[in-house]
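**Student:** Chain by chain, the residues:
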Amino acid sequence: MNKSMIDLIYLVPLLPLIGFFITGLFGKKQKSEALIGGIASAAVGGAFVVTALIFMTLVGHGSEERSHIVRLFTWMQAGSFTIDVSYQVDQLSILYTLIITGIGTLIHIYSIGYMHGDKSFPRFFAYLNLFIFMMLNLVLASNFLLTFLGWEGVGLCSYLLIGFWYERKFDGSFIVWTGDAAKKAFIVNRIGDFGVLVAMFLMYNQFHTLDYTAVNAQAAAGFQPGATLITTITLLLFLGCTGKSAQIPLGVWLPDAMAGPTPVSALIHAATMVTAGIFLIARNATMFALSPTTMAVVAGIGVATALTAALVGLVQNDIKKVLAYSTVSQLGFMFIALGVGAFTAGVFHVMTHAFFKALLFLGSGSVIHGMHEEQDIQKMGGLKKYMPITYKTFFIGTLAIAGIFPFAGFFSKDEILWNAFSQGHWVLWAVAVIAAFCTAFYMFRLLYLTFGGKERFDHHHIHPHESPKTMTFPLIVLAFLSVVGGFLGIPYALSIGGSIPNLLEHWLEPIFAPAMEILRRPEVHEVHAIEYGLMAASLMIAILGILLARSYYKNASDQPQAMANRFSGIYKLLWRKWMLDEVYQYFIVDVFYTISNGFLWKIFDVKIVDGVVNGTARSIASASELLRKIQSGIAQNYAIMMMVGIVAILVWLGLGT
Amino acid sequence: MEQDFLLSAPITFLSIMATILMVVDALIKKSSKITFTLSWLTLGITGVLAAWTLKHNGTAFNGMITVGSFGAFFDILFCMGALLTLIAARPYMQRENLEHDEFHSLILFAVSGMMIMAHANSLLILFIGIEIMSVCFYILSGYMRSSVRSVEASLKYFLLGAFATGFLVYGMALIYGATGSFDYNQIFMAAQHELRFPSLMMIGIGLLLIGLSFKAAAFPFHQWAPDVYQGAPTVVTAFMSTAGKIAAFSAFMPIVAIVSPADTEMKIQIILAIISAATMLVGNISALTQTNIKRMLAYSSVAHAGYLMMGLVAISAHHARGVSGILYYLSAYLFMQLGAFVIVSILERSGEKNLEIEDYAGLSKRHPVLAALMTIFMLSLAGIPPFAGFFGKYYLFTAAIESGYTWLTIIAVISSIISVYFYIGLIVKMYFTEPNESGESTQQLPGIASITLAVSAVAVVFLGLMPAGLLDVIKLLFGN
Amino acid sequence: MIDLYIPLIIMVAVGGLFGLSNVILAEVLGPRRTKTKTKLSIYECGMEPITSARERFSVKFYMVAMLFILFDIEIVFMYPWAVQFKVLGTTGLIAMGLFMLLLFAGFIYVIKKGALKWD
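From first to last, the protein sequence lines are chains A, B and C.
Here this note's numbering is used: the first residue of the first sequence is 145, the next is one more, and so on.
Here this note's numbering is used: the first residue of the second sequence is 379, the next is one more, and so on.
Here this note's numbering is used: the first residue of the third sequence is 106, the next is one more, and so on.
Simulated from the structure, these hints should not be mistaken for lab results.
Please note: incorrect hints may appear among the correct ones.
What the hints assert, rightly or not - Subject to a maximum C-alpha distance of 20 Å in a straight line, what follows is the list of computed PhoX-like cross-link-like pairs (lysine-lysine):
#, chain 1, residue 1, chain 2, residue 2
1, C, 142, C, 222
2, B, 411, C, 218
3, B, 408, C, 217
4, A, 536, A, 598
5, C, 217, B, 407
6, C, 222, B, 407
7, B, 853, B, 433
8, C, 222, C, 165
9, B, 408, C, 218
10, C, 144, B, 407
To be verified - Which chain C residues face chain B? A few, computed with CB under 10 Å, are given here:
#, residue
11, 152
12, 210
13, 214
Treat the numbers as computed from the prediction; the structure is a model and nothing was measured.
All C-beta atoms, glycine included, are put in the ideal place defined by N, C-alpha and C.
This is chain A alone, in the form it adopts within the complex (with noise of 0.2 Å):
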């Protein structure tokens, strides 16, 4: 196990393009799902056993040696600018591409029963694999244009995954088509795309690079803190990574995102493709870390998102909707952790976030699925007793993401919690409190609508029933990680001393290093008292906001529904998600509707456009017209036409000589 084992990361995008090409041809023709699922399976599972080896490697390594660039070979070249096709492999891909490759072959396994029966299932593995490929791409990527590649490539497989059951209907906002909720995501998507493409101008430009090390190293080396340049171009990346990541404003999209079949809500929607986001700010740490502004700005967004996401949370009918909107208010904590520079914190949590929140999507799942198809919670209820593993799991994730000690998501948001109160941003604390509040109150809604409770479902038709083993496996498999994932990052304060290692942040530490000089924090490891504080108190309110729930939903009572008359106004509010669609829907999609379909399209294109574009292809094509009959047929005619060529050239040439 040596450098040559690092050189092997070729085939850990390479297997699940094979796989994509292998299912995506083959499989149409082929009758066994079994066969499809198992070389889709098969091919993200040896990524990730390569993926392991080389972890393995990096883990044999100092930590001085974890960072290599593999060079594949040269894309492009053209003058001064080279392309290359090459993975830098260090402690911060290697994580992403674990989890990517770890959970997806989870959910690939998931698939095989989910998706049994359905008339598209090769096309469906086909797509899943080609999203696999091109997220590692994004994160393996050591340029970033590359990444930019795999970005887009993810914006479209998270296209054709929305729209997979294309010939459904679905209820969102201004949507009716699972096909309308595809393109929303594409077109919100493509709003942040365009300030990437314009950051990568401006890298370029100033830089005449794009690799991501010396785009680095050299912001790092030519700008103060604060310079204008490095702002807009942080600032733009971060555009970007509201789009991908669903924050404020162009979170609209992941909610009807859920259009798609849950395997894939599970793992592009909230496990892997929506923290491409993080994975771009925390591979540019750097250059973020130079630009005061711009980390204001992500905490703030970051916030924001995670409050009023929450939010709307509370009053959600749609089981696959609550878990979408907890999955924009998680990660909007992830852009808190990142904005106040601990971004060890936010990869934290992306880590444990992908594995209780690809659980409870999954989890969802099993119980669609035994459910036919509902997905509404106020028609369920009790299905404890039905579905025994899908409970027990569900029940793991939900306290994990409520974070109640000493599951995952304790440590992780109680990370990015003490980092908000300890660099002075305790406004944010607040907010996040808030957040969190809300997080443990509408998850413990839902486990108690969809689990506990009466059956409130129709007897006659729906006989609700345990999933078969191809789904259990992953949950429980999920569920082991999401219970022991946090201890991964254990806080100094509860380390007894620094006797426990926190072994994510010794093996994130050198990426993040230049960053962290940069920004200068204050060390803060004296004041054990204030932590413990803060650390029971946010147990305490996860644990207030639980039982709220449990007293509202335990049993059927009617205080929800006084609840929601007595504050009617804030309810529709929130159940309508802040009119953000419909504010976008009438001034802007109408506003430009009315612009292109009124002026645009009848007069500019129509009348100018047209007439120009018309008029030049008329009079080439009469041009032609006119070549053609030159182009008599007759040798005779070609000779003479030949012959003046001779002569005018002749001519020419003899003149002045």
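With the hints as your guide, set chains B and C onto chain A.
**Tutor:** Quick look at chains B and C alone, frame taken from chain A:
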């Protein structure tokens, strides 16, 4: 002597095998199977031999021919083109009842002529090469003896070709008169000094350019091309319009390079630039109104000669990018143009049926794979990334800009835009229109021609995705 | 100076005398027959001497004529080689051998394809 034969092994081996093939065909009746096997083996071995001589730069036979990188690179291209043509031609010839045995040896002889052109280091050798190739082409284009159009094409080609050859020989004679030698190196040396008869030299160069422009089908010497390409059997057209054009440029490049020192007033350079601009405009504009697919592709091949001549302009301006640009473009062009013509040959019905663009309506439903491949070739010909044609154009355009010919590049871009119309038009026809009659439903299996298609498509995609690979090879061979 | 041309003059004289003597001898020794107009025409055996110049010939004539010229001219290449035989040595012999071999291959092709068959 032995050394000479060893270094010129690709040419000698191929010529000997072509002769043997001719005798075999005379001695054995119904020998097409044997000759086919022999000829593809020969082409394969010749390709390997050429690859072996890539590194042995030098001259042979008293400086009459050059050996090594330049010639060997073209040898490989010619062998590739001929091999792909032969494979695609077999099912076509069987269907059209054209399997006369000479076909294979004629192709081999044509290739030997092309190789001699690429290896020539003396104007006389160049002339011999051109004639060997051309005579084979005259016969091949009239190969469909029962078709009036084919015979007419052959005769037209022969007459105009003989006409152009006259100017070529006259030009050679004048250059000999001005410099006292046929040898490229000596002409190059002589051109660098003050000449006794500069106007003799200039007129000689002009006539030489005219002769070669005819072979490359450049304006205003292009008019034979549409008629001949349409009349000739489709696989022969595929071969002529690719390998033939590559051969013309393999002769053109060294000629332009050796005479450029004499071009003190840049007159030659301007002529090349004007011919280039006119060729691409005329080729692309004429292609717009064509209704016959072979004719459309013929005009597109004229237009591509125009793009390639931008590289010649760069060479005459002593810009090294011109050479690598042309070499890359020719490699890409070989596969995309050949692939497109081979698809036409597969869909063609005997009696020159199914050759109208209208016949391609709704092709995607009847032959989804063929339609998809045709789309790849069309997109590549139109120069749309990520296919090979895009990078080819890109390199030639940058070469022209860096040589100071921005106006030429602007014309090239405009004519590329015009060309998109008819290339994409065919794609639209194949995918978005309903077939006009349901009569054409007989499934035509491409047979072994699918090998040609697969190789061409893979090459077009591969060269497009990884243009750096081929460019590295070119750089390695020609030192930038 | 003039003595250089004596052999030439002798050859012209001998040639002229040979032709003339043959005609006279045929007239004197040959059998006497009636002289019709046909008998007195230039090409007695079938061909019209004076007709339109635009006449079609069978392609067979061209084939034979072309092949004749081809092989005849190739023989010319042998003269310089024969003159310089000693100087060129083995290399020349091999080269000429190859040349003849190629020519022979062409000849086999012509014969086997029946290009010289008159009907």
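**Student:** None of the hints should be skipped; say for each whether it holds.
**Tutor:** Results for each hint:
{"no.": "1", "hint": "C:142 to C:222", "verdict": "35 Å, violated"}
{"no.": "2", "hint": "B:411 to C:218", "verdict": "18 Å, holds"}
{"no.": "3", "hint": "B:408 to C:217", "verdict": "13 Å, holds"}
{"no.": "4", "hint": "A:536 to A:598", "verdict": "18 Å, holds"}
{"no.": "5", "hint": "C:217 to B:407", "verdict": "10 Å, holds"}
{"no.": "6", "hint": "C:222 to B:407", "verdict": "18 Å, holds"}
{"no.": "7", "hint": "B:853 to B:433", "verdict": "13 Å, holds"}
{"no.": "8", "hint": "C:222 to C:165", "verdict": "9 Å, holds"}
{"no.": "9", "hint": "B:408 to C:218", "verdict": "13 Å, holds"}
{"no.": "10", "hint": "C:144 to B:407", "verdict": "49 Å, violated"}
{"no.": "11", "hint": "152", "verdict": "30 Å, violated"}
{"no.": "12", "hint": "210", "verdict": "5 Å, holds"}
{"no.": "13", "hint": "214", "verdict": "4 Å, holds"}
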